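Using the hints, position chain B against chain A.
The residues making up each chain are set out below.
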Amino acid sequence: MKIKSIVAGLGLCFICHSSFATTVGFAQVGSESGWRTSFSESVKAEAKKRGIELKFSDAQQKQENQIKAVRSFIAQGVDAIIIAPVVETGWTPVLKEAKRARIPVVIVDRNVQVQDESLFVTRIASDFVEEGRKAATWLMSQPQAQQQCNIIELQGTVGATAAIDRAKGFNEVLAKHPQAKIVRSQTAEFTRAKGKEVMESLLKAEQGGKSICALWAHNDEMALGAIQAIKEAGLKPGKDMLVVSVDAVPDYFKAMADGEANATVELNPHLGGPAFDVIEAYLQGKKDIEKLIRTTGDLFLQDTAAAEYEKRRLN
Amino acid sequence: MTNEATVLNSHHSDQLEADQLKADQLKTARQARYSPGQSAHKFSLYLYPLLALALLLLVNVLMDPQFFSLQWQDGRLYGPLIDIVNRSAPVALLAIGMSLVIATGGIDLSVGAVMAICGAVCANLLLLGDWSIPAVIGLAVLTGVGCGLLNGVMVSYLGIQPIVATLVLMVAGRGVAQLLNQGQIVTFQNPDFAALGSGSFLGLPVPVWLVLLALLIMQLLLRRTALGLFIEAVGCNAKASRYLGIDDRGIKLAVYILAGGCAALAGIIATADIQGSDANNAGLWLELDAILAVVIGGAALTGGRFSLPRAVIGVLIIQALSTTIVVSGLPAKFNLLIKALVILLVLMLQSELFRNQLKALLSFGKARGGKA
Numbered sequence: 001m002k003i004k005s006i007v008a009g010l011g012l013c014f015i016c017h018s019s020f021a022t023t024v025g026f027a028q029v030g031s032e033s034g035w036r037t038s039f040s041e042s043v044k045a046e047a048k049k050r051g052i053e054l055k056f057s058d059a060q061q062k063q064e065n066q067i068k069a070v071r072s073f074i075a076q077g078v079d080a081i082i083i084a085p086v087v088e089t090g091w092t093p094v095l096k097e098a099k100r101a102r103i104p105v106v107i108v109d110r111n112v113q114v115q116d117e118s119l120f121v122t123r124i125a126s127d128f129v130e131e132g133r134k135a136a137t138w139l140m141s142q143p144q145a146q147q148q149c150n151i152i153e154l155q156g157t158v159g160a161t162a163a164i165d166r167a168k169g170f171n172e173v174l175a176k177h178p179q180a181k182i183v184r185s186q187t188a189e190f191t192r193a194k195g196k197e198v199m200e201s202l203l204k205a206e207q208g209g210k211s212i213c214a215l216w217a218h219n220d221e222m223a224l225g226a227i228q229a230i231k232e233a234g235l236k237p238g239k240d241m242l243v244v245s246v247d248a249v250p251d252y253f254k255a256m257a258d259g260e261a262n263a264t265v266e267l268n269p270h271l272g273g274p275a276f277d278v279i280e281a282y283l284q285g286k287k288d289i290e291k292l293i294r295t296t297g298d299l300f301l302q303d304t305a306a307a308e309y310e311k312r313r314l315n
Numbered sequence: 001m002t003n004e005a006t007v008l009n010s011h012h013s014d015q016l017e018a019d020q021l022k023a024d025q026l027k028t029a030r031q032a033r034y035s036p037g038q039s040a041h042k043f044s045l046y047l048y049p050l051l052a053l054a055l056l057l058l059v060n061v062l063m064d065p066q067f068f069s070l071q072w073q074d075g076r077l078y079g080p081l082i083d084i085v086n087r088s089a090p091v092a093l094l095a096i097g098m099s100l101v102i103a104t105g106g107i108d109l110s111v112g113a114v115m116a117i118c119g120a121v122c123a124n125l126l127l128l129g130d131w132s133i134p135a136v137i138g139l140a141v142l143t144g145v146g147c148g149l150l151n152g153v154m155v156s157y158l159g160i161q162p163i164v165a166t167l168v169l170m171v172a173g174r175g176v177a178q179l180l181n182q183g184q185i186v187t188f189q190n191p192d193f194a195a196l197g198s199g200s201f202l203g204l205p206v207p208v209w210l211v212l213l214a215l216l217i218m219q220l221l222l223r224r225t226a227l228g229l230f231i232e233a234v235g236c237n238a239k240a241s242r243y244l245g246i247d248d249r250g251i252k253l254a255v256y257i258l259a260g261g262c263a264a265l266a267g268i269i270a271t272a273d274i275q276g277s278d279a280n281n282a283g284l285w286l287e288l289d290a291i292l293a294v295v296i297g298g299a300a301l302t303g304g305r306f307s308l309p310r311a312v313i314g315v316l317i318i319q320a321l322s323t324t325i326v327v328s329g330l331p332a333k334f335n336l337l338i339k340a341l342v343i344l345l346v347l348m349l350q351s352e353l354f355r356n357q358l359k360a361l362l363s364f365g366k367a368r369g370g371k372a
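As given, the protein sequences belong to chains A and B, one line each in that order.
Position 43 of the first sequence, counting from 1, maps to 43 under UniProt numbering, and the rest follow consecutively.
Position 18 of the second sequence, counting from 1, maps to 18 under UniProt numbering, and the rest follow consecutively.
So that you can see chain A by itself, here it is in the shape it has in the complex (with noise of 0.2 Å):
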């Protein structure tokens, strides 16, 4: 009798602690950038407005760190745990400890390889792909792509995982114009200063840029540069060349209020909302959760860009 009370009460202790906070365990890579930073307030906020606990863990870009992190996070009896994976390997032996203690683990942004998909929950992460297809979309909406186009790609780093994945889906959309073409390709590995020279030697190869209707950079950074290139080829980036791009970070915003940029679509940081949705319905006990839900950021024009700029200047 006696011992059944105590079972129940703490059962009833349990589901208390349960219902009224979720305490959530966050191993965040560091904050190497400005991208980097926003998605950590945007966790941050997101887990103040839904009430939840949450641990933040700061690795300062070191894998160890963040094995530390995950291991404190059990040992406090977190109700979930949220990993920004530095390196994509060595994580099974920190998962699988996670797993016996019956703690869901989400992972987002980069990935993980494990050979046990069970030892996470899901992963959320940008997808690539549509962020090529959203900026390919918007520029064959332009009344100037209605006719020939030529357009220089200047690509990311040769090999990263985002630079292959934004040009294959740019090239998709862009199968289905066959006005369009990209007439130069080459890497400006995702710096302004690499994209400032790779555009102006590829503008002198093109006769000096008045043949084409388009850039298309794998992000800010690069276009940035590349504008520069362009004012200093005696053209005007955002008229005489439309200038597209992915990231969206404040200068590019401020580049788009000036008319010098044309649009961007935003690398998602607002991975937090997604997150917390699957840890949620986790605890509820819903267990066919995708082991890839992926997200893509908006597509941002000149219109809200001044306004945009000031929003984010002071972050």
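Think of the hints as simulated: they come from the structure by calculation, not from any bench.
Since the model is a prediction, treat every value here as computed from it, not as a measurement.
Hints may contain errors.
Lysine to aspartate or glutamate pairs mimicking DMTMM-like chemistry, simulated, CA-CA at most 20 Å apart [said to hold, decoys possible]:
| # | chain 1 | residue 1 | chain 2 | residue 2 |
| --- | --- | --- | --- | --- |
| 1 | A | LYS210 | A | ASP240 |
| 2 | A | LYS99 | A | ASP79 |
| 3 | B | LYS333 | A | ASP165 |
| 4 | A | LYS55 | A | GLU97 |
| 5 | A | LYS55 | A | GLU280 |
| 6 | A | LYS99 | A | GLU280 |
| 7 | A | LYS231 | B | ASP74 |
| 8 | A | LYS231 | B | ASP83 |
| 9 | A | LYS68 | A | GLU88 |
| 10 | A | LYS210 | B | ASP83 |
| 11 | A | LYS210 | B | ASP74 |
| 12 | A | LYS286 | A | GLU117 |
| 13 | A | LYS236 | A | ASP258 |
| 14 | A | LYS181 | A | ASP240 |
| 15 | A | LYS236 | B | ASP74 |
| 16 | A | LYS291 | A | ASP116 |
| 17 | A | LYS231 | B | ASP192 |
| 18 | A | LYS55 | A | ASP109 |
| 19 | A | LYS210 | B | ASP64 |
| 20 | A | LYS49 | A | ASP277 |
| 21 | A | LYS44 | A | ASP79 |
| 22 | A | LYS239 | A | GLU206 |
| 23 | A | LYS62 | A | ASP109 |
| 24 | A | LYS176 | A | GLU130 |
So the derived label-pair ranges between C-beta atoms look like this [as the list claims (entries may be wrong)]:
| # | chain 1 | residue 1 | chain 2 | residue 2 | range |
| --- | --- | --- | --- | --- | --- |
| 25 | B | LYS333 | A | VAL183 | 17 to 23 Å |
| 26 | B | LEU216 | A | GLU64 | 48 to 54 Å |
| 27 | B | GLN73 | A | LYS239 | 14 to 20 Å |
| 28 | B | GLY175 | A | LYS68 | 19 to 25 Å |
| 29 | B | ILE160 | A | LYS68 | 29 to 35 Å |
| 30 | A | TRP35 | B | LEU70 | 40 to 46 Å |
| 31 | A | VAL183 | B | GLY175 | 38 to 44 Å |
| 32 | B | LEU70 | A | GLN148 | 26 to 32 Å |
| 33 | B | LEU345 | A | ASP303 | 52 to 58 Å |
| 34 | A | GLN60 | B | PHE201 | 40 to 46 Å |
| 35 | A | ALA45 | B | GLN161 | 46 to 52 Å |
| 36 | B | LEU55 | A | ASN111 | 40 to 46 Å |
Ideal Cβ placement from N, Cα and C applies to all residues, glycine included.
Same frame as chain A, now just chain B:
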């Protein structure tokens, strides 16, 4: 008496002979004496790098007939050739500094990171707003000199291997730059400062003038004074130079400081060019390009000889090659492979041994062909 006279006479002729010998020795010694820019090999030393450069330019003309065209646009020359010279500027400055370090038998891996630090210093000072351009430039150069001083002290006074000592700053320096920028890309709007990177003077881009100025000053400093000779002496044999009274430690310290100063100038150009400081990417791996340029210029990594003009030709080769690859329209994944193959070829052509072997192979083939 006659005997005595003969002895005296022969003694006298011995004396004459010895004098003659001494004079001859002196003459050969004089001829063998170090004389800058007057070596018998001078022609061939310049021939092969220039040949490689000409070949690369020729390939470009074949791909794009407009390649040599120069237009006058917005008060400056405009064309692919100008681009190559302009884009070479940061690495050319690094290579000038690197030549001296390599001539002492050292190496400076930190110059790329120093570029990033100096760029970050410029960008942040400009954002503060109340700094004049000369003050910003001055402080950035001072920062570069400080970094060079750190390297120099570690190498010459603490006796740490150059590759290790400068590796410290190569890794830590980028961290310092990221810290200065707080992990972000710091951008600024300052047309006067931006002119240092993308402006022009008398029709040529400002960075090109900066390189020419640095080259001229350095060349005068090194070849019109004994400093160049001292640097080469320290590179050949530091201990022997010390016994000769050359302050080998001081010389080593000086070359690392000069390399730091050159890196600062390169960092200023790179930052002014994109009007922003990107601590993660500014000057990334450029130290390797600079070392490569110095080697293409015929310097030995073991130290003891250097030539600034040839190092600058080496930089032009590397940059012309990059432009060729971009213009060629080949898929980007081949870039590094092509670059490696061409560089290998240039280096092999420079080697006298390889040329002789090639000649022997060709004449062997000819002889065989003649017989048959």
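Okay, the hints, checked on the actual structure:
1. A:LYS210 <-> A:ASP240: Holds, at roughly 8 Å.
2. A:LYS99 <-> A:ASP79: Given that 20 Å is the threshold and the Cα spacing comes to 12 Å, the pair holds.
3. B:LYS333 <-> A:ASP165: 15 Å, holds
4. A:LYS55 <-> A:GLU97: Holds, at about 18 Å.
5. A:LYS55 <-> A:GLU280: Holds, at roughly 16 Å.
6. A:LYS99 <-> A:GLU280: Between A:LYS99 and A:GLU280 the Cα gap is close to 17 Å, so the pair holds against 20 Å.
7. A:LYS231 <-> B:ASP74: Roughly 11 Å separates the two Cα atoms, so the pair holds.
8. A:LYS231 <-> B:ASP83: Holds, at about 15 Å.
9. A:LYS68 <-> A:GLU88: At roughly 16 Å apart (the allowed maximum being 20 Å), A:GLU88 and A:LYS68 satisfy the hint.
10. A:LYS210 <-> B:ASP83: Given that 20 Å is the threshold and the Cα spacing comes to 19 Å, the pair holds.
11. A:LYS210 <-> B:ASP74: 17 Å, holds
12. A:LYS286 <-> A:GLU117: Given that 20 Å is the threshold and the Cα spacing comes to 17 Å, the pair holds.
13. A:LYS236 <-> A:ASP258: 11 Å, holds
14. A:LYS181 <-> A:ASP240: 17 Å, holds
15. A:LYS236 <-> B:ASP74: Status holds; Cα separation ~15 Å.
16. A:LYS291 <-> A:ASP116: The given pair, whose Cα atoms are some 12 Å apart, holds under the 20 Å limit.
17. A:LYS231 <-> B:ASP192: 17 Å, holds
18. A:LYS55 <-> A:ASP109: 18 Å, holds
19. A:LYS210 <-> B:ASP64: 16 Å, holds
20. A:LYS49 <-> A:ASP277: Roughly 13 Å between the alpha carbons, so the hint for A:LYS49 and A:ASP277 holds.
21. A:LYS44 <-> A:ASP79: 16 Å, holds
22. A:LYS239 <-> A:GLU206: At roughly 18 Å apart (the allowed maximum being 20 Å), A:GLU206 and A:LYS239 satisfy the hint.
23. A:LYS62 <-> A:ASP109: The hint holds at about 16 Å.
24. A:LYS176 <-> A:GLU130: 16 Å, holds
25. B:LYS333 <-> A:VAL183: 17 to 23 Å: 19 Å, holds
26. B:LEU216 <-> A:GLU64: 48 to 54 Å: Check passed, 52 Å falls within 48 to 54 Å.
27. B:GLN73 <-> A:LYS239: 14 to 20 Å: 19 Å, holds
28. B:GLY175 <-> A:LYS68: 19 to 25 Å: Between B:GLY175 and A:LYS68, where Cβ atoms are some 22 Å apart, the hint holds.
29. B:ILE160 <-> A:LYS68: 29 to 35 Å: Once the Cβ atoms are compared, 33 Å apart, the range 29 to 35 Å for A:LYS68 and B:ILE160 holds.
30. A:TRP35 <-> B:LEU70: 40 to 46 Å: Given range 40 to 46 Å: holds, Cβ gap about 41 Å.
31. A:VAL183 <-> B:GLY175: 38 to 44 Å: 41 Å, holds
32. B:LEU70 <-> A:GLN148: 26 to 32 Å: 30 Å Cβ-Cβ, so the 26 to 32 Å window holds.
33. B:LEU345 <-> A:ASP303: 52 to 58 Å: 53 Å, holds
34. A:GLN60 <-> B:PHE201: 40 to 46 Å: Holds, since A:GLN60 and B:PHE201 (Cβ atoms, about 45 Å apart) stay within the stated range.
35. A:ALA45 <-> B:GLN161: 46 to 52 Å: 50 Å, holds
36. B:LEU55 <-> A:ASN111: 40 to 46 Å: Holds - the Cβ-Cβ distance for B:LEU55 and A:ASN111, about 45 Å, lies within 40 to 46 Å.
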